[in-house]
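Enquirer: Working from the sequences, and respecting the hints, build out all of it.
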Amino acid sequence: MKKLISALSAALMLCCTSVTAAAQGAEPVMLSGEGGFSPVWILIALGIGLVISLITMLVHKSKLKSVRMERSAGNYIKQGSVDINVRREMYLYKKVDRRQKPKNDNK
Amino acid sequence: MTELLEYECPCCAGKIRFDSASQQMKCPFCDETFDIATLQDYAETINGTAETEMTWESTAGGEWQAGETAGMNVYICNSCAGEIVADATTGASSCPYCDSPVVMSRQFAGDLRPDLVIPFKLDKEAAKAALKKHLEGKFLLPAAFKEENHIDEIKSVYVPFWMFDAKAGARIVYKATRVRRWEDSNYEYKETKYYSVTRAGSLAFENVPVDGSSKMPDDLMESIEPFDYRECREFSTAYLSGYLADKYDVTAEDSVERANTRIRQSVREELRKTVTGYDTVDEQKESIRLSNGSSKYILCPVWILNTTWNGEKYLFAMNGQTGKFVGNLPVDMGKFWRFFFIFWLMFGAIAFAVIFILGMMGII
Numbered sequence: 068m069k070k071l072i073s074a075l076s077a078a079l080m081l082c083c084t085s086v087t088a089a090a091q092g093a094e095p096v097m098l099s100g101e102g103g104f105s106p107v108w109i110l111i112a113l114g115i116g117l118v119i120s121l122i123t124m125l126v127h128k129s130k131l132k133s134v135r136m137e138r139s140a141g142n143y144i145k146q147g148s149v150d151i152n153v154r155r156e157m158y159l160y161k162k163v164d165r166r167q168k169p170k171n172d173n174k
Numbered sequence: 016m017t018e019l020l021e022y023e024c025p026c027c028a029g030k031i032r033f034d035s036a037s038q039q040m041k042c043p044f045c046d047e048t049f050d051i052a053t054l055q056d057y058a059e060t061i062n063g064t065a066e067t068e069m070t071w072e073s074t075a076g077g078e079w080q081a082g083e084t085a086g087m088n089v090y091i092c093n094s095c096a097g098e099i100v101a102d103a104t105t106g107a108s109s110c111p112y113c114d115s116p117v118v119m120s121r122q123f124a125g126d127l128r129p130d131l132v133i134p135f136k137l138d139k140e141a142a143k144a145a146l147k148k149h150l151e152g153k154f155l156l157p158a159a160f161k162e163e164n165h166i167d168e169i170k171s172v173y174v175p176f177w178m179f180d181a182k183a184g185a186r187i188v189y190k191a192t193r194v195r196r197w198e199d200s201n202y203e204y205k206e207t208k209y210y211s212v213t214r215a216g217s218l219a220f221e222n223v224p225v226d227g228s229s230k231m232p233d234d235l236m237e238s239i240e241p242f243d244y245r246e247c248r249e250f251s252t253a254y255l256s257g258y259l260a261d262k263y264d265v266t267a268e269d270s271v272e273r274a275n276t277r278i279r280q281s282v283r284e285e286l287r288k289t290v291t292g293y294d295t296v297d298e299q300k301e302s303i304r305l306s307n308g309s310s311k312y313i314l315c316p317v318w319i320l321n322t323t324w325n326g327e328k329y330l331f332a333m334n335g336q337t338g339k340f341v342g343n344l345p346v347d348m349g350k351f352w353r354f355f356f357i358f359w360l361m362f363g364a365i366a367f368a369v370i371f372i373l374g375m376m377g378i379i
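Taken in sequence, the protein lines are chains V and H. Residue numbers for the first sequence follow our numbering, beginning at 68 and rising by one. Residue numbers for the second sequence follow our numbering, beginning at 16 and rising by one.
Calculated from the structure, these hints are not laboratory results. Remember, it's a predicted structure, so these values are computed and weren't measured experimentally. All C-beta atoms in this analysis are idealised placements derived from N, C-alpha and C, irrespective of residue type, glycine included. Hints may be right or wrong, so weigh each one.
Stated by the list, open to error - Computed from the model, here is a short list of chain H residues facing chain V with C-beta under 7 Å:
no. : residue
1   : Tyr-112
2   : Cys-113
3   : Tyr-204
4   : Leu-344
5   : Ile-370
Unchecked claim - Heads up, simulated DSS-like pairs for lysine-lysine below, C-alpha to C-alpha not over 25 Å straight-line:
no. : chain 1 : residue 1 : chain 2 : residue 2
6   : H       : Lys-190   : V       : Lys-132
7   : V       : Lys-162   : H       : Lys-328
8   : H       : Lys-208   : V       : Lys-132
9   : H       : Lys-205   : V       : Lys-161
10  : H       : Lys-300   : H       : Lys-190
11  : V       : Lys-132   : H       : Lys-147
12  : H       : Lys-328   : H       : Lys-208
13  : H       : Lys-170   : V       : Lys-128
14  : H       : Lys-311   : H       : Lys-139
15  : V       : Lys-162   : H       : Lys-300
16  : V       : Lys-132   : H       : Lys-143
17  : V       : Lys-161   : H       : Lys-208
18  : H       : Lys-170   : H       : Lys-41
19  : H       : Lys-288   : V       : Lys-132
20  : V       : Lys-128   : H       : Lys-147
21  : H       : Lys-300   : V       : Lys-132
22  : V       : Lys-170   : H       : Lys-300
23  : H       : Lys-300   : V       : Lys-128
24  : V       : Lys-130   : H       : Lys-339
25  : V       : Lys-128   : H       : Lys-153
26  : V       : Lys-128   : H       : Lys-339
27  : H       : Lys-41    : H       : Lys-136
28  : V       : Lys-130   : H       : Lys-153
29  : H       : Lys-170   : V       : Lys-132
30  : H       : Lys-147   : H       : Lys-182
31  : H       : Lys-350   : H       : Lys-153
32  : V       : Lys-161   : H       : Lys-143
33  : H       : Lys-147   : V       : Lys-161
34  : H       : Lys-182   : V       : Lys-145
35  : H       : Lys-41    : V       : Lys-128
36  : H       : Lys-153   : V       : Lys-132
37  : H       : Lys-190   : V       : Lys-145
38  : H       : Lys-136   : H       : Lys-147
Expert: So, in structure tokens, the structure goes:
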């Protein structure tokens, strides 16, 4: 775990260093607009980080729980006893939905 | 008084018990081992039926109040005449005075006799080692739990189970859809085709276990499944010697509903597996019928460990045949949230770096 944290910290520092170096030689960018930095990126990044972090911690938490009721009796099906003798598929009807595409007004 | 069974060593007359390592009866005093059938014949020849005589020289203390003795049985140890008090379902125990293994034979007599028994294969040291391994590699387990954890009690118990065999016939009707999307210059289209899908068939189940003891938590007993029933033996009280055992107090009729629930779910899963090639599948109607149903009464080996930490009791169980070990552990919530925020910032920073680079390159 300590090694993982060290590796991630090093990656973070490398990213920050690269971004800083790139910014030093680059032209100023607009806060919004085409091809420029957008504050929404920060929110998206925080959202992605939140989801990954939550999944990681919940996986670790789930390892502490090993007592649960069995849902089914799959382990007790007699080998070779499964016999599916009716397989029928009948077409009923269809439904078609359509949505108009948004138009781009080029002026 | 209820009859107690003790098996004596033909060599030294010591109290003999079942040895899980050799799967035979072994004397702890002279280390001789004996075949179970041989020992039973010897016991029948030598011991016969002992007459019980209860003569109290003096009466001491008060009398049991009405209802206090409900659910309790009192036995007299054949070795030391000590009094053994056990609840109504206890089938095997040890004398608290001389530690002789005792089997309460009436608990397994007549209709109460188990059909089969799975003997213990793993001993106490294996149970302790399994607990130690269970605590390893758990990132969110409080460090103090491992350091301060002491086993309060460790006991080997034959737990009564009902095993159900049945053949299930089923017919399930599903509503399924296939979705197709396309677009032209003006519109986006989504076509959904609806189908009625039917599957019918049969499958057989054998030895679906349901815990027959109200003293054992059902989820704990289901968690240590499966047992290997190929190692079942015809029941003999000799297997119980040296271990604790309970007779059932949940009948087969009361247990069948749980077996039905598990069988029904398995039938649904097996039939559902055969419905493929659709985007959505919903069950509309189901009909499941059981036939050729039967049940067996079997004793299965379980190691039970109790521990207390921070005022809370923790119960662990190990399958005495396969070694599968289960038990819920406490969570260090402080550590949980600490690392949650650390990982959030780290993964967030990495995600931002990737988005930034892609953005600068004009990809997003």
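Enquirer: Which of the listed hints are broken here?
Expert: 1, 2, 6, 7, 8, 12, 13, 14, 19, 21, 22, 23, 30, 32, 33, 35, 37
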